[in-house]
Amino acid sequence: MINEQLLKPKSIVVVGGSDDVQKPGGKVLKNLIDGNFKGELYVANPKMNEVQGITSYKDLKNLPQVDLAIIAIAAKFCPATIKLLATEKNTKAFIILSAGFSEENEEGEKLEKEIVEIVNSVGGSLIGPNCVGVLNSNYNGVFTTPIPSLDPKGCDFISGSGATAVFIMESGVPKGLSFSSVYSVGNSAQMGVEEILKYLDESFDPETSSKVKLLYIENIDKPEMLLKHASSLIRKGCKIAAIKSGSSEAGSRAASSHTGALASPDVAVNALFKKAGIVRCKGRDELATVASIFMHPELKGKNIAVITHAGGPAVMLTDSLSNNGLDVPHIDGPKADQLLEKLYAGSSVANPIDFLATGTAQQLGDIIDACENDFDNIDAMAVIFGSPGLFPVYDVYNLLHEKMKECKKPIYPILPSIVNVKDEIEHFLAKGRINFPDEVVFGDALAKVYNTSKPQAEEIEMPKVNKTAIRKIIDEAENGYLSPEQLHNLLDAAGINRAKEGVADSEEAIVALAKEIGFPLVMKVVGPVHKSDVGGVTLNVKDEATVRSEFKRMMQIKDTYAVMLAQMLKGTEVFIGAKREDKFGHMVLCGLGGIFIEVLKDVKASLAPIAKQEAHEMIQGLKSYGIIKGVRGQEPVNEDKFAEAITRVAALMKVAPEIFEMDLNPLLGNKNAVVAVDARIRIEK
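In this note's numbering, the protein residues as written are 1 to 685.
When the alpha-carbon atoms are kept at most 25 Å apart in a straight line, the in silico PhoX-like pairs for lysine-lysine are as follows:
{"no.": "1", "residue 1": "K89", "residue 2": "K47"}
{"no.": "2", "residue 1": "K30", "residue 2": "K58"}
{"no.": "3", "residue 1": "K623", "residue 2": "K448"}
{"no.": "4", "residue 1": "K228", "residue 2": "K654"}
{"no.": "5", "residue 1": "K685", "residue 2": "K464"}
{"no.": "6", "residue 1": "K211", "residue 2": "K222"}
{"no.": "7", "residue 1": "K10", "residue 2": "K83"}
{"no.": "8", "residue 1": "K8", "residue 2": "K153"}
{"no.": "9", "residue 1": "K685", "residue 2": "K222"}
{"no.": "10", "residue 1": "K448", "residue 2": "K601"}
{"no.": "11", "residue 1": "K570", "residue 2": "K515"}
{"no.": "12", "residue 1": "K448", "residue 2": "K153"}
{"no.": "13", "residue 1": "K228", "residue 2": "K448"}
By construction, these hints were calculated from the structure, which means they are not laboratory data.
Please put together the full structure from these sequences, using the hints given.
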């Protein structure tokens with residue numbers, strides 16, 4: 001848990017502090033001194049009476065009571081040191097910079113567990129071990145640089161990697177990005193990214209708290225906690241961007257279904273972030289750029305004016321925006337003509353608005369005013385203004401600063417000449433502004449922010465299913481695949497529409513079943529995993545003679561022990577699947593069905609439970625959505641029925657968590673219904 005002693009310590013001791021600022025204990029002490037820590041500062045060093053001008057205690061027993069200990073000593077000495085501080089010096093907060101714990105070996109893991117037990121016993125807070133520390137407006141508790149200028153309205157940044165935290169700050173600071181706090185959680189022995197985010201949510205104050213949160217995550221140990229508090233913060237008006245690294249595909253190798261093969265751990269991360277409303281970033285520069293976009297007014301529409309005095313960057317930015325779903329709309333009409341008259345000959349206002357290399361600050365102001373007041377089809381402005389180094393451009397950047405204060409529409413400054421006009425850009429950043437030096441990185445990031453969905457509803461209304469019947473089937477089932485009868489009963493209990501079908505293992509039984517269901521029919525082998533590959537599927541069976549002959553043939557196929565008959569239905573093949581992912585719960589996927597799922601791999605995923613609106617968003621997010629809507633006279637799939645089936649599969653997963661993976665492939669969809677014609681469900685208790 002995070003406590004007052006960690007956030008606002010009245011006293012700090014650096015255990016292992018030294019005069020050598022090239023060591024963590026020396027550098028963190030220097031950072032504390034340089035940051036003008038307002039409380040009492042002590043050092044514990046068995047060999048020195050004074051370190052960097054600060055009183056040093058050779059024996060910890062002589063140390064006064066102290067709120068926070070920042071520890072930079074060998075791992076093996078940490079438990080005894082922490083026990084003394086916790087029990088004798090009333091220390092309730094600890095930051096362990098030292099390595100040599102669970103990241104190294106079993107012995108280190110034992111030391112780490114011992115430390116956590118000690119800290120928990122006194123209700124203390126522990127950050128680390130194996131971290132770079134904590135940075136906030138009260139103290140510089142890190143042994144690294146840069147130390148960014150801290151601003152309550154800057155970013156709260158939580159990182160699972162100390163080095164990466166440094167590199168992300170190095171990416172953001174030169175752009176003008178500010179920080180409110182930085183937490184490097186290291187091994188996350190007591191608190192990881194999820195716990196820090198939980199605290200930021202539960203302590204959030206709309207008047208004083210930062211509204212931008214950045215995360216660098218290597219392991220999501222508590223996805224439910226992350227989802228709950230990230231979505232809660234976003235609903236409160238915050239914006240969150242995150243990098244999740246180290247997603248492995250190994251978990252999908254043993255999968256035996258289409259869903260299992262497609263539903264990798266990384267798909268689960270994507271589904272979690274989408275459900276929470278987190279913008280997922282791939283790298284450090286993208287994260288810093290997304291954070292910088294968060295610092296501007298929210299983009300309310302998708303229409304961007306590209307204002308430039310350089311053609312090439314404007315074309316590249318226009319490509320980036322257009323390729324990612326944003327628009328650079330054409331501008332024309334009397335108001336456009338009036339603007340053009342104010343610009344030099346050869347300028348263009350069609351969008352991109354190009355006012356040439358000779359364009360002036362006055363002309364830039366006229367363009368911005370027109371985009372703000374005259375052009376209703378513009379939602380935001382991206383201003384590209386660099387310099388060949390011939391003359392200063394302070395006047396342009398000063399005007400840009402003033403217009404950004406006045407305008408309601410967002411203005412994004414793209415100032416690429418970071419060498420030629422370095423001084424002017426520094427002057428601009430000193431006013432609290434942010435620069436986007438690369439137009440394509442900016443364009444891609446802006447589109448990613450705009451296209452990220454809002455978080456899920458706090459309470460999801462699930463469709464009603466027969467929980468009693470579902471539990472009876474699951475409780476009686478053994479591990480492995482459900483029998484056709486169990487499967488049919490389970491789908492019925494979940495309210496999932498399925499084709500009439502049955503299974504028989506004798507010729508006379510199969511003929512009787514065919515007469516009961518009615519022609520035309522589909523015949524499928526029961527037993528082999530991939531039915532089509534072994535010739536185990538026959539379509540459009542129209543008479544008894546074919547039923548008899550196909551039954552005899554199919555029963556000769558290896559591993560076949562029965563034959564299934566089903567209604568021969570018409571429609572577009574679609575797919576719904578589910579897979580249990582460790583710690584995340586169940587992912588539910590949808591897409592086009594049949595062979596298309598293997599060829600196109602065009603699926604969308606979410607985590608159960610799923611609201612009806614979210615199911616529609618999944619369907620509409622498919623690249624193949626045009627086929628589902630119906631193209632060139634093709635009958636559409638009933639999207640509402642498709643969405644309902646997705647929500648029912650998700651509800652089934654919540655009632656029956658023992659389901660490891662499930663395929664409804666295909667379902668046949670037409671304008672009236674969506675019906676499952678083949679299903680597989682695997683149980684792992």
